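Protein chains: 2
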Amino acid sequence: MDKILRINMGADGAPAAKTEPLGDYAGFGGRGLTSAIVSKEVPPLCHPLGEDNKLVIAPGLLSGSTAAMSGRISVGCKSPLTGGIKEANSGGQASQMLGRLGYAAIVLEGLPQDDTLYKILINKDGVEITDAGSLKGLGNYDTVDKMKTEYGEKIGCISIGPAGEMKMSAASIAFTDMELRPTRHAGRGGVGAVMGSKGVKVIVIDDAGMKTRSPQDPDKFKEANKAFVAGLKKHPVTGEGLPAYGTNVLTNVINEAGAYPTHNFQSGQFDGASKLSGESLAEMENARGGEGSATHGCHRGCVIRCSGTFYDKNGNFLTKQPEYETVWAHGGNCGIDDLDAIAQIDRLDDDFGVDTIEIGATIAVAMEAGLAEFGDAEAAINMVKEIGKGSHLGRILGNGAAVTGKVFGVERVPVVKGQAMPAYDPRAVQGIGVTYATTTMGADHTAGYAVTANILGVGGTVDPLKPAGQIELSRNLQIATATIDSTGMCVFIAFAILDQEDTFQALLDLISSFTGASCTADDVNALGMKILKLERDFNAAAGFTNKDDRLPDYFKKEPLSPHNVTFAVTDEELDQVHNY
Amino acid sequence: MDKILRINMGADGAPAAKTEPLGDYAGFGGRGLTSAIVSKEVPPLCHPLGEDNKLVIAPGLLSGSTAAMSGRISVGCKSPLTGGIKEANSGGQASQMLGRLGYAAIVLEGLPQDDTLYKILINKDGVEITDAGSLKGLGNYDTVDKMKTEYGEKIGCISIGPAGEMKMSAASIAFTDMELRPTRHAGRGGVGAVMGSKGVKVIVIDDAGMKTRSPQDPDKFKEANKAFVAGLKKHPVTGEGLPAYGTNVLTNVINEAGAYPTHNFQSGQFDGASKLSGESLAEMENARGGEGSATHGCHRGCVIRCSGTFYDKNGNFLTKQPEYETVWAHGGNCGIDDLDAIAQIDRLDDDFGVDTIEIGATIAVAMEAGLAEFGDAEAAINMVKEIGKGSHLGRILGNGAAVTGKVFGVERVPVVKGQAMPAYDPRAVQGIGVTYATTTMGADHTAGYAVTANILGVGGTVDPLKPAGQIELSRNLQIATATIDSTGMCVFIAFAILDQEDTFQALLDLISSFTGASCTADDVNALGMKILKLERDFNAAAGFTNKDDRLPDYFKKEPLSPHNVTFAVTDEELDQVHNY
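If you read the sequences in order, they're chains A and B. Residues 25 to 604, numbered by this note's numbering, are exactly what the first sequence covers, in order. Residues 25 to 604, numbered by this note's numbering, are exactly what the second sequence covers, in order.
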């Protein structure tokens, strides 16, 4: 995994691929690599859909190995949604497969000279770029089906739906899961629009004939991996909560904490939350003859297995088990308490290729604008269908909450840097509010998941309703996360490594024994800070200042029920997050 | 004119008005006063449509007097279009009337507690705020007609159309002209949306019983005014060009210079330009029994009289004589060479209450996105009608070129700070490019009209195709303009005062004799710099940096025909504009 595959879509004649050594980028993987390439090669003031932007797809440092949890992948570019640097993270098959094929990154560059749509096949023999005109306008599901017919069942796909083709700012990039379904998404920041602008419909990966990457010290690696897995199994969140109910285990927890954004962030508790909970979802799935709980990993090598399968009322596969964020975005945030409706929307989102968080937040803003009543599931489904059609309304919604708020003159629009907030109200989880405000990514819970100490009692305890301690909490998590996102590891390993010193040591040993170079806690910190600095420098050069590291004004002015709290972390404190 | 009228739309119960002395704002008028109030009282990070924004309407320092050309008015707020400070300037009756009523400014504050729509009557007896529910959704023409029925023919109106009510970012505020028609607009930056957010449909002004403001030294004032008028009459632009053909005299000039943005800024000359020229327009008007040339001033006291009346094919009044910017925006920029169609659109723009520059630029972006062919006048008319209807497409277009470009995934979007460029391509008039990039207002030709020395040979000569000298030119014009915009004077006086020292001296004498305090050239400079500094400080606090003082990338990369030039002023040079 020592080479970069560069594909110039704007080369004379036809797109052209070449591989080159990692060079200066050696030591970077995943988010570290996407951010290093974007910050070095993309002019910060370029148009995100223009020829100077690049789309970088990078497995993590450990991807392609047998390290547990190492199959996450990073997608980076200048974001059409935020205007800043972007890393969107996904599960799926591609990370392990690209790792085994030896690619540290795929970089899509330039712009095609006409509106030809392409597909790219990557296998042990090299790269083949061919016309994909017949795939134009297809959803991700149909696209993957056609690729299966053409290339067989042993492939993995990276694709965009109509939203990406239409270059919508909420467009995602789909990664097939282990069942070869396009259910895992690099969702955030409009990365799908950038892939669309490059004229690439689907990248098909076939790692047949390639081997698992070998660690430098196989014995130590095996031992460390064992300890690491044991640590994950031992921790109540990664060993019990997530496997039992998936990420949706959070619905009851967050709602009880009064931090569940309801009706477009108008209140902190939703009457219908219990109908949306992981517990209710498991019951429903059991009754329909499904697995009844989280039984899938989103990538090969996952031992937490927090995903699952959703069957419709007739027992037919509809979509993956909807994640907590998705259930919230299309559920309580829109006043909808119907899991079947939410699962339908999840399927549509995945098929059209849009970010479920952004679209849920967008529909809630549209509801606040009066386009539908809160709670009207049918209206919500129809709005998402408009996105797929690319109608004028669909174009508005497909460009996210900020554009929708602007178009309909709505003041209450929960975004930071143009990106919609996820499923935790920053007034009642002030640590996550600090992360929303100050991460380089726009509002993003995964960039520094302070819900840990604020709500879950993981990695210490910090009162979620007060500013004290939130800056340090978010800072440390942002730094650690930047490194985790570079390893290819799932961010959920954080629960166990925050609480269990031996599990953290096992992770360090895993990295050290794989790379052959010693990796200490200090190294983890240093890498995280280095990545954040690259990202912040890019954003500054793109015109961001500390004024962009703020929540919308109304979070400081409108108290949130039931705790009657406003966001109380001061601007001066926010400016200290990246002081390290 | 020593008091401020503050109307709190969000007061308990019903909106409440109060007057207060100018206080700290003494010495400021027009743009100086709007920018001083906004920069002191509006939190820079507030939502432009929220309760913390304020809409300030201010006549100039000389408005309400008999000084020639002193009837322009400034409208200020935080702009929904740019997110920065905004001053939009208009002619019409209001400036002189408010001046005579003694108001230096009207400030609309707060937000109404429900969706009641209000009208405000201001006369010698005070202020009356009443329900205007019956005006909901009306165009500016019908609104004014109803006000005439209710209050008689001696009023002046300041109103918004449906676009303002819908809080669209391209919404303008209409000011009635001397024929009591809503043809003069504070067009730029979405000021109409802010008026809409305040729940105010129309402000009716009646200055019956009030007298012209008296100068401190009447004899000197009279003498200075005479010299000033003589100077304007003597200069070829203000004495001949503008009176003969109106602002549209520029069509042939700019097209011949290869600086006429055509087909959404794709080239610099338009085949159909001669059909759009001021000369053709005059001929058409003559043939229809109209005045045949520019014969109207936009405000009482105008001696240039660059406006006129447009009659349709049947000889009925349709709209004012369309301005150069309007003819260009809906003409060459959209590939349309039909003056009747353009005049129809001008009427619709005025009636719905939207900025003709922004909307013309927006339609061209929509055409580039494939919504219609360049040159399809019927499609353009229909698009504008969608704005009035508030359909989903209309909502998109009514929010301007930047939003439209984002929604439809277009890269070539000619905006700075989110505001569309006017009728001069910055590659072929590099001085105006410097102004577009660096003014506090977003792309705005009036903020520093470098077309003077670049094209017209006024105030010196600077090669329009080269960077040399453009920084100084734009800087000096931006400073001078900020002061002119504070006096209530029309910016067109600049032609004469730049070229004729005695006319500039007459202006200084006019101000000195009116206020009783000596006004020198240094004072004019100092005031201009002070205003620009207030505005730039506001923008900085709202998150703007020098990265916002840039043209879109493509102006530096795509050469413009026929001169085959790109914008060549460097970023480092641009950063020197406000170094004074």
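Warning: the hint list may mix true and false statements.
With a cut-off of at most 20 Å between alpha-carbon atoms, the simulated SDA-like pairs for lysine to any residue come out as follows [as the list claims (entries may be wrong)]:
#1 B:580 - A:580
#2 A:413 - B:394
#3 B:581 - A:74
#4 B:409 - B:396
#5 B:160 - B:173
#6 A:580 - B:365
#7 A:160 - B:394
#8 B:580 - A:571
#9 B:244 - B:490
#10 B:409 - B:365
#11 B:557 - B:49
#12 A:571 - B:70
#13 B:490 - B:515
Going by beta-carbon spacing under 7 Å, a handful of chain A positions derived as facing chain B [unchecked claim]:
#14 70
#15 250
#16 435
Just so you know, these hints were derived from the structure itself, not from any lab. On a predicted model such as this, the values are computed, not experimentally measured, just so you know. Idealized CB from N, CA, C, for every residue including glycine.
Verification of the hints:
A threshold of 20 Å between alpha carbons decides the hint, and for residue 580 of chain B with residue 580 of chain A the separation of about 41 Å lies outside it, so the pair is violated. Taking the CA atoms of residue 413 of chain A and residue 394 of chain B, the gap is near 16 Å; set against the 20 Å cutoff, the hint holds. Distance restraint check for residue 581 of chain B and residue 74 of chain A: the Cα-Cα separation of roughly 12 Å lies within the 20 Å cut-off, and the hinted pair is therefore satisfied. A distance of roughly 15 Å separates the Cα atoms of residue 409 of chain B and residue 396 of chain B; the hinted pair therefore holds under the 20 Å criterion.
The suggested pairing of residue 160 of chain B with residue 173 of chain B holds, with an alpha-carbon distance near 17 Å, which does not exceed 20 Å. A threshold of 20 Å between alpha carbons decides the hint, and for residue 580 of chain A with residue 365 of chain B the separation of about 49 Å lies outside it, so the pair is violated. The hinted pair formed by residue 160 of chain A and residue 394 of chain B meets the criterion: a straight-line CA distance of about 17 Å does not exceed 20 Å. Simply put, residue 580 of chain B and residue 571 of chain A have alpha-carbon atoms about 28 Å apart, too far for the 20 Å limit, and the pair is violated.
A distance of roughly 44 Å separates the Cα atoms of residue 244 of chain B and residue 490 of chain B; the hinted pair therefore is violated under the 20 Å criterion. For the proposed pair residue 409 of chain B and residue 365 of chain B, the alpha carbon gap of about 13 Å is at most 20 Å, so the pair holds. Distance check on the hinted pair: residue 557 of chain B and residue 49 of chain B sit about 16 Å apart at the alpha-carbon level, within 20 Å; holds. Taking the CA atoms of residue 571 of chain A and residue 70 of chain B, the gap is near 11 Å; set against the 20 Å cutoff, the hint holds.
For the hint linking residue 490 of chain B to residue 515 of chain B, the alpha-carbon distance of about 25 Å lies beyond 20 Å, and the restraint is violated. Given the 7 Å rule on beta carbons, the hint for residue 70 of chain A holds: about 6 Å separates it from the nearest Cβ of chain B. Because the smallest distance between the Cβ of residue 250 of chain A and any Cβ of chain B comes to about 49 Å, over 7 Å, the interface hint for this residue is violated. Because the smallest distance between the Cβ of residue 435 of chain A and any Cβ of chain B comes to about 5 Å, under 7 Å, the interface hint for this residue holds.
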